[in-house]
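Mind docking chain B on chain A? Use the hints.
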Amino acid sequence: MAGLALENYAIDERANMVRRFGRGEARFRFLALAAALLVVAIFLGVVAALIDGAWPAIKAFGLPFLWTEKWNPVTEKFGGLAAIYGTLVTSFVAMLIAVPMGIGIAVFLTELCPNALKRPISIAIELLAGIPSIIYGIWGLFVLAPFLQTSVQPWLIETFADVPFFSILFEGPPYGIGMFTASLILSIMVLPFISSVTRDVFETVPPMLKEAAYGLGCTTWEVVWNVVLPYTRSGVVGGAMLALGRALGETMAITFVIGNAHRISASLLAPGTTISASIANEFAEALGDLYVPALVELGLILFLITFLVLAAAQLMLRRLEKSGGKR
Amino acid sequence: MNPVLYARRRMTARIFLSLSTGAAIVGLIWLGLILFTLVSQGLGGLSPTLFTESTKPPGSAGGVLNAIVGSLIMSSMAVLVGTPIGIMAGTYLAEYGGQSRLASTIRFFNDILLSTPSILIGLFIYELIVLNMGHFSGLAGAAALTVIVIPVVVRTTDNMLLLVPHALREAGIALGAPISIITRSVTWRAARAGIVTGVLLAVARISGETAPLLFTAFGNQFWSTNVAAPMASLPQVIYNYANSAYEDWHQLAWASALLITFAVLSLSIIARLLEPKRN
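Chains as they are written, first to last, in our numbering: chain A, 78 to 404; chain B, 3 to 281.
Isolated chain B (complex conformation):
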């Protein structure tokens, strides 16, 4: 028995466990501070004109309608194109590929693509589409977002399909159904909630993306729904306005920031509620 040693060990434990608790509290404080600033700064800028007017020169009351619509157009195009591709690729990995070398390689590249800096995706689309078209366009912006959507959907589809009990597939095989039919009428249905989660996460991810749009969609001061022309987007309006010197533009930037954060956080909370429990 050595009381000094015991006291020291208990002390060490207490210090490090308090530090751990402290780390969790600091993390929560960061979240609280950011959300508090957003609400207190952004609430003042939430007015009807925000949703009815397009971006205007500083000094006149403007809104961000063109940016909201631009964001919606580009995001929906990205999701409409990216989701089917992502689901099919994820299905290949889970149902046909399994642990084969090809599937492992594809998974590896997909995981890298998932974490590739989004500004590099912007450069890729710039070289691929903007240079060939000769000008910036909403189409290029949507393409950049699609490249971000695909790996997210592939990853979740693959994971969620692997969670489906194998007995369900075997029942289908025993009836003589080929894998394509089992996939469409059994496995996809069983994994539906998980796949939807993946799509929602992808939407949440792209609705705040700014970097890949800077030199693809470029931004547009005016009302435009032409995807062949430069297109405005909400994150980019925040970027441009926050960097400006005008007080009323800062106000609009905060209000837009509040809108985006609210939308993205609700999407990720819904996605989390839908997500099947892992065990």
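Just chain A, same shape as in the assembly:
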């Protein structure tokens, strides 16, 4: 009898335990799901806040906002073209510099670098990504811009004076600050993003493929060009897009060195502005019914551009992950 009671007790106890487990499990799962959904809610919140804030400007200026250059706070006539142009051009020039350099660094790290130096060098390059953008800003303003003004820019102007097309790109007085300086700073900032993603995907190339090419008598460069790069193409492009997403939205470094002029100049040496620099510079002091909404509308446009670029980058990197990019 006593044994049976004990058994009953144990069964009750166990049933209690299972119920408690079940309740705890449900609670934990709910909390985790809620936190995960919060991420989506924040994302949607950003979209909603930008649309809501920009609405007066969208209503007032309509679609022509996208191709109007005039930005006049006094008469409250706003057009975003100069800022959009500056954003796209500075990022494009930055990618022209940073993509080949980033791939070069990845080639160096995977094919040439002695093993002992691999880790320290890749950590050092990645530290460039850790330096806050405001630091790039003051360094650009006080060190890089004066240096470019006195040495590099006069040289560029002189060298390309008689070359068609380039003479327009490098024209006019060397201000130091301007689109070119901003692009150069951007290229330094995004370099580590490109080089680290590229190095990671380079390392996924099966050694067998490379050895087969070496066996046919390929040089190291031919192996990189004909085997490694084609194999990792979508990863490299994905990494570059990720870096482009960063470059498009970079704010503090640009604000210091771009010159903040709402106009479009053919010359890269001229001052300009970007979307993020305009917002950072003017938002806190913006008065009037349309000034703030116009700035928020610029923000909305930046959001759409970066969303498209980043989404493309995600899709490419994810496809790579699925299609056996893993070792």
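Don't read these hints as lab results, they were simulated from the structure. Note that the structure is a prediction, hence the values are computed from the model and not measured. Glycine residues also receive a C-beta, built at the ideal position from the N, C-alpha and C atoms. One or more hints might be untrue.
Here are the computed distance ranges between Cβ atoms for each label pair [what the hints assert, rightly or not]:
1. A/A206 - B/S102: 28 to 34 Å
2. B/R191 - A/P141: 55 to 61 Å
3. A/K147 - B/R16: 38 to 44 Å
4. B/F38 - A/W232: 58 to 64 Å
5. B/A195 - A/A103: 27 to 33 Å
What the simulated footprint calls covered on chain A by chain B, stretch by stretch (three residues with Cβ under 8 Å from a Cβ of chain B suffice, anywhere in the stretch; the number is not a length) [as the list claims (entries may be wrong)]:
6. 102 to 116
7. 138 to 151
8. 159 to 168
9. 185 to 199
10. 387 to 394
This is chain B only, laid out in the frame that chain A set:
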């Protein structure tokens, strides 16, 4: 056998490999130049008053104590709120979501949020909190930083939990434990170093953020620990002072820049040392 062709191929290889090496050297030179400038310009401004005085008008010896404290308050609030949310969300993705469509969607939005320009996060919090409160505040600044912390922690937690060997979970399941208990007492512990890495990276990321604070926390010249009022922060002091025309303010900006960079770089190096090796 074609010696000319061979010579050309070898030449091409040599040129491009030298260019690659050159790219790595240029990258290292950039880092060296930036760090050298910071140390040479900032060291002169490192004085005790930097840490004991608040920001003062130009001409009188001031410090950045209010900005350091403001940064610490806002960053710790952001980490205290953002870390639990981020870890729970990352846990959902790794332990419950797996490869389901919902989890993939959440991952996608999280990755986008991770790279969204931080100035847009500032605009979001401005519309959400500053406009509703009617004024700038440290609270709004902390909220903006929280929004930056969450995706970083979600991403690393998710990745690190997926690295935990499945056999550990199966052992727990065989004992009859529900996933919540296995997560808390097995998986989290196994992934602890990785999760801590994520939090450190998040701290490093927000301690240098300036753009989202410009029109949320706004900055404050005076000593203040009231989070309902505008609050100073170190990056913003650098921004304002570097843009000013006063030599002694430039000096303070460089010294603050040295402080921030030193803090951020040590954090990211510690995080990297803690990070479990991928293979």
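Here is what the structure says about each hint:
1. A/A206 - B/S102: 28 to 34 Å: holds (32 Å)
2. B/R191 - A/P141: 55 to 61 Å: Given a distance of about 59 Å, which is inside 55 to 61 Å, the answer is holds.
3. A/K147 - B/R16: 38 to 44 Å: Distance hint for A/K147, B/R16 is violated at roughly 53 Å.
4. B/F38 - A/W232: 58 to 64 Å: violated (24 Å)
5. B/A195 - A/A103: 27 to 33 Å: For A/A103 against B/A195, whose Cβ atoms are near 30 Å apart, the range 27 to 33 Å holds.
6. 102 to 116: holds (count 13)
7. 138 to 151: Per the Cβ count (0), the hint is violated.
8. 159 to 168: Since three or more residues must qualify, the claim that chain B covers the segment 159 to 168 of chain A is violated, with 0 doing so at under 8 Å.
9. 185 to 199: holds (count 6)
10. 387 to 394: Check passed, 3 qualifying residues.
When held up to the earlier numbered hints, the structure conflicts with 3, 4, 7 and 8 and fits the remainder.
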